[in-house]
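Sequence order for the protein chains is A and B.
At position 299 of the first sequence (counting the first as 1) the number is 298 in numbering that gives the first Met the number 0, and the numbers step up by one without a gap.
At position 39 of the second sequence (counting the first as 1) the number is 38 in numbering that gives the first Met the number 0, and the numbers step up by one without a gap.
Errors might be hidden in some of the hints.
[Stated by the list, open to error] Quick list of in silico lysine-lysine cross-link-like pairs, BS3-like style, CA-CA up to 30 Å: (1) B:Lys223 / A:Lys415; (2) A:Lys593 / A:Lys399; (3) A:Lys444 / B:Lys223; (4) A:Lys139 / A:Lys122; (5) A:Lys379 / A:Lys444; (6) A:Lys384 / A:Lys415; (7) B:Lys224 / A:Lys101; (8) A:Lys33 / A:Lys184; (9) B:Lys223 / A:Lys290; (10) A:Lys201 / A:Lys399; (11) A:Lys444 / B:Lys224; (12) B:Lys224 / A:Lys415; (13) A:Lys572 / A:Lys415; (14) A:Lys290 / B:Lys224; (15) A:Lys570 / A:Lys585; (16) A:Lys184 / A:Lys226; (17) A:Lys201 / A:Lys147; (18) A:Lys184 / B:Lys224; (19) A:Lys570 / A:Lys444; (20) A:Lys71 / A:Lys147; (21) A:Lys382 / A:Lys415; (22) A:Lys42 / A:Lys130; (23) A:Lys130 / A:Lys184; (24) A:Lys147 / A:Lys42.
Derived from the structure by calculation, the hints contain no laboratory data.
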Amino acid sequence: MIAPSGTDKLEHLFGSFRAESLREDIYRLFNEPKYFFYLAAPKSCVLIGGRGSGKTTALKCMTYEGQDALGKTDFRTPRYVGLYLRINTNTVASFVGPELPKEEWGRLFAHFMNLALCEEATKYVIWLLEKYGEPNIDQKVNYGRICKSLTLSIASTAAELLAAIEDARLDLEVYINNFSSNRPKISPLNTPINIMMQELRKLAGHDSSYFYLILDEYENLLDYQQKLTNTLVKHSGGNYFFKVGVRDLGWRERSTINDSELLISPADYERIQIEVALEDDFADFAREVCKARLEAANAENTLGPTSVESLLPALSVRDEAVLLGVEDRIFQFREALRQSQRFSFLNEQHPHELYVFYELADQNIERAIEDVIAFREGQKSAKEKYENYAYSLLFSIAGKGAEIKKYYCGHQVLAKITFQNIRFYMQLVNACIREQAAAGLAPDKSIDPRLQTLAARHVGLSYLRELEGVSTQGGALARLILGLGRVFQILASNPIGGKPECNQFELPPTGPAIDDGVHRDATALLREAVMHLALIRTPGTKLTTENDIRSWDYMPHPIFAPYFGFSHRRKRKMTISEGDLVSLTKSPQATVKKLLGRRSNLADEALPQQMSMFDEYFN
Amino acid sequence: MSISTETELRAPPRTVHSSRELVPLAPDSVLLFGEGEERSQLPQLWKDHFQGARLIQVREASEFGQVSLDIEADRAFSLREGREIKLLLAQIPPGPVYLDITGLSHHVWIPLLRFLLDLNREVKVLYSEPGTYQAHPNPRPGEFYQLSERFRDFQPIPTFARLRSRGASLSVLIPLLGFEGARFLRLVEIEEPDDGDIWPIVGIPGFELDYPFHTFEGNADVLKKTRSYQRVDFADAACPFSLYRRLEIIRSDWPEHLMKLALIGTKPHALGAVLFALADPSVELLHDHPIRKSGRTQGAGRCHLYCISTFMQMGQ
C-alpha cells in the first residue's frame, strides 16, 4: 500500500515535464541522450527539435552551470565551456520598425549580440574567480582590448567590464525607445566576439579549452537577424563554436549577410535532428528518464513501481482484439463453423484471426473458411493478408458508441506515440498516474490498458487545445488537426474498402496552376504546423529539399492518434491538395467529405464519444 | 511614502458614471480619443464641450507604432520619436487633457500617456466598459467569448522596450488575466518562466458578477499546467490604482526580482501596470497586440474617470 504522499510524489516527478517546472532538478534528473557526444564535440552544431524534445535541457546541460551541477567538469582545465543565450521574442522584436533603414537595424542588432555574448563570457570569468577563489586566473586577460572592441569605456577587471556592458546595453535600450536621443557608439559584427574568445584563452588552464556559444530558440530571430547570426556561426572556429537550438523549419535563412554565402552541413556545422537521432533508441532513453524518477520516488520511501514496463503493461494484437470484444463480432461465423462438422476445428483459431478473414471476405462464410484454412496451412498470401490487416481491423471491432475503440498502451507504444518527444512521454506517464489515482488504485500497481488509453486521449486533447496558443496561427493549426484527425479517424474505423492504416498525406507533385495566395497560405500553414508539432514530416519518395513542401510526407503528430482514434504507426498515405489543406481550416465539413471521395457518406457517421465537444464544428 | 500609503488615507482618484454622457468635464479641457470600438463613439455632449482644437482624434497608422493626430492630420508620427511627438503634443491647447483609451490600442495610448505626463500636463484617463461581450455560439470549456481574430505576437510597446540581460534571471511574471486562455498560454510559451515565478492577477470584482469565473475558466488549463492557480491574486478589474497597490505589495515581497507585467486583461489593469512601470523603469511590459474581432462587444457600460496626475502627485 502506498502512503498518500506516494502518488503526489510520483505526480511531482512525472508532472514536472517542462524544464521550467524542474528548476535545479533539471540537472539532477538529466539523462544524457546518445547524440550528446556529437553535440559536445568541438564543432558548430545545429540541434533541431520541437518543443519538449529535450533540446533546451541538453543545451543547458552543456553550459558551465550545468556541467558544474552534474559534477562532470573540472573548470581549472575544462575541455569546453558552454555559454547560454536564449533568444527572446520580445527582445528581438525591439529591433524592427519603419523609423530606421534595415541596415541600421542590422548594425544595432549586431552590437546587441556582441554585448549579449560578451556579457555571458564575462559572467563566466566572474563565476570562475568566485568558484576557485584564485584571483590570478584572469590576470593575463586584456579587458581593455575587449572594451575597445565593444566601444566601451576602459575596464581592467571582469566586474568592471560587466558594468560597462550593462551601461552600454542601457544606452542601446534608451536609443531604441527614443530615436531622438543620442545614438550610442556601436561595435561591428563579430570582432568583439573574436577578441573576447582570444582573451578567454588566456585564462589559467583554458589555453586548450573550447568555448561553446549556445543560442537557443533561434526561430525567434527575425529573418535579417538570422542572417547576421549565421555570419557569426560561419566565422567561428579556433577556440569557439556555436551550438544553435532551433525548431524544425524555424531556421528560415541559411545565408549570411552575404546572400551568396550559405551555411552548409557538414562543412560549417553538424546537424542533429533529435527526432531522427533518437528514433531507434527513444524507448530506451524514455525508460532511463522514467527510471531516474522512479528511483527518486523510491529513494524517499514512497514505494512505487520498479520499472516503466511494469507500470505500463502492453497488449498484443490478439489480446487487444479480445478486450475490444472480437468474440461478439464473430459469433455468427463461429456458429456456422460449429454447425458444420467438417470445419468445426477452425474454431480453434484465435478469434482475431477468424475476425480478420471473416471481414476481409465481407462476411461471406465460405470464402472466409477458405482463407482461414489457407492461413492455417501457412500459405504465404494468407499470412500476408493477415499481417496487412490484423492491426488495422482492430479499429473496427468495438461497436459505435463504445468507450474504447482502440487501446494505446504499453511503454513501447506510448514511446512511439510521442515521436521521440520526451515531454509528451512524461505527460503521458503523468496522465496515466492521474487516471490510476482517480480510479482509486495504488500507483505501485500496473496501470490498466483502459486507463492508459484514457490518459493518452487526455494528453492528445490537451495538446490540441494548446495549439491555439503556440503561434499566431494557432487557431488554424487546431482546425487543421481537427479536420485531418476526423478524416483519418473515419478511414481507420472503416478499413475494408480503403487503404489500411492510412494516416499520412502528401501534396500532389504537379497539377493545375496553383493560385499564389493558396500556395502561400498552404506553405505558411505547413511550416507552422511542423514547427509546432501539429504535424510531423518525413522525407517523401521524391528528392527531398528542406524548403519544398511537396517533397515531404506529413502526418498529424501521433500524440493525437489516441484522441481521434487512428493508427500511430506511419503507414499509408493519401494525396491532399494545397487548396484542400487550407479549406480544412475554413470549411471542414465539406472538405472532409471531399477528401473521403467515393466514401464521403462515411462523414455522416457519429463522432466518437470523446470528440463530442467538437460536434458543432463537424456538423 | 508610497503612493499606496496615501491612497489608504484617501479614496483613489477615480469616479464611475453609468454612461459617458454623465462624466463631468472640466472647462477648457482637451480630449484625445480614438474610434476603434463601438463604445468609443463620442456622445454629442462631448462634441459640444470639446470644440475645435480641443477635440483631437488619434488615428492609428497601418505601420505599427505610427499615429496621426488631428493637430497635423496629414502626417504620421512614430511613437519612438520622442522629440517630435512631444513637439506635436505641445501644440495641444492648455488645460486638463482627457485621454479616452476606450477606442485606442495599448501600443498607442500607453506612449501617449507617457508623453503627456512628461510634458507635465494634467491628465485624466477615460474608459468605458463594454456593454456585453460577444458569446461563442458553441463554447468549449474555457471559451465563452469570441474576442480576438488573431494576435500580432509579442512586441514591445513603443518607449517600453527592455533589453534584458540573461543575468536578470530572478524575475516574476505577473499576467493580468482576461478571458482568453490562449493569450496566457502563448505568454508562457514565449517567456518560459519557471512555474514558481508566475503570479497571476484576476480582476475581482469584475465588470460583471460572473466575469471573474469566466476568467478562471478561460485560463484553467494554463493555471493548472503551471500550478500558478496556487498563487492567484486579485485586484478590482476596473481600478488601475487597486492594481498598482497590488503590484507594490508584490514588489515588496520580491525586491530583487525583475517584474514582468503581461497586459492580457482589462484596460484599467493595463493602465495600473503602466503607472507602475513609469514609477519603476526596471519593470517590463509584455503585450501581444490582439487583432480584435469586429463586433466583439456591443454597447457601452459604465464610464470610468481616472485622475492620473493627481495619483502621480500623491506619491511625491
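These are the hints, each one checked on the structure:
no.	hint	in the structure
1	B:Lys223 / A:Lys415	26 Å, holds
2	A:Lys593 / A:Lys399	23 Å, holds
3	A:Lys444 / B:Lys223	26 Å, holds
4	A:Lys139 / A:Lys122	17 Å, holds
5	A:Lys379 / A:Lys444	42 Å, violated
6	A:Lys384 / A:Lys415	24 Å, holds
7	B:Lys224 / A:Lys101	40 Å, violated
8	A:Lys33 / A:Lys184	45 Å, violated
9	B:Lys223 / A:Lys290	26 Å, holds
10	A:Lys201 / A:Lys399	73 Å, violated
11	A:Lys444 / B:Lys224	26 Å, holds
12	B:Lys224 / A:Lys415	24 Å, holds
13	A:Lys572 / A:Lys415	18 Å, holds
14	A:Lys290 / B:Lys224	23 Å, holds
15	A:Lys570 / A:Lys585	27 Å, holds
16	A:Lys184 / A:Lys226	22 Å, holds
17	A:Lys201 / A:Lys147	18 Å, holds
18	A:Lys184 / B:Lys224	45 Å, violated
19	A:Lys570 / A:Lys444	34 Å, violated
20	A:Lys71 / A:Lys147	35 Å, violated
21	A:Lys382 / A:Lys415	25 Å, holds
22	A:Lys42 / A:Lys130	27 Å, holds
23	A:Lys130 / A:Lys184	34 Å, violated
24	A:Lys147 / A:Lys42	28 Å, holds
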